[in-house]
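S.K.: Sequence:
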Amino acid sequence: MLRRDRLIMAKIELDKDVREAVLRKLTLYMRDELDRPVSGLEAGFLLEFLSETLGPAFFNQGVRDAQTLMLQKLDDVVYEIEKPIE
Numbered sequence: 359m360l361r362r363d364r365l366i367m368a369k370i371e372l373d374k375d376v377r378e379a380v381l382r383k384l385t386l387y388m389r390d391e392l393d394r395p396v397s398g399l400e401a402g403f404l405l406e407f408l409s410e411t412l413g414p415a416f417f418n419q420g421v422r423d424a425q426t427l428m429l430q431k432l433d434d435v436v437y438e439i440e441k442p443i444e
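Taking this note's numbering, the leading residue of the sequence shown gets 359, the next gets one more, and so forth.
Hints are supplied without guarantee of correctness; some may be wrong.
Label-pair distances were calculated between CB atoms; the ranges are [what the hints assert, rightly or not]:
id: 1; residue 1: R389; residue 2: L432; range: 46 to 56 angstroms
id: 2; residue 1: Q419; residue 2: P442; range: 21 to 31 angstroms
id: 3; residue 1: P442; residue 2: R382; range: 52 to 62 angstroms
Note that these hints are calculated values from the structure, not bench results. Computed from a prediction, not measured in an experiment: that's the story for all the values here. Ideal placement from N, C-alpha and C gives every residue a C-beta, glycine not left out.
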């Protein structure tokens, strides 16, 4: 039986420009779509919460998608180099 130890995912750190852009979009979304104006500080707390709770799910899905793509590419390589048996 294969045992996989749980690894703790590193905290997601966005660079300053990306974080500011995300906070702007989050603030606008809250105001325009939910009619709930939020301050920059509130948006920051919400972003941290979303990153911590949803980040691992998105990360894991990205890993699965990358694994699927790599396996497809490997199948292509094997097909290209495989020698026919006569």
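S.K.: Now look at each hint and say whether the structure bears it out.
M.R.: Okay, the hints, checked on the actual structure:
no.	hint	result
1	R389 with L432: 46 to 56 angstroms	47 angstroms, holds
2	Q419 with P442: 21 to 31 angstroms	38 angstroms, violated
3	P442 with R382: 52 to 62 angstroms	58 angstroms, holds
Violated hint for the displayed structure: number 2, the only one.
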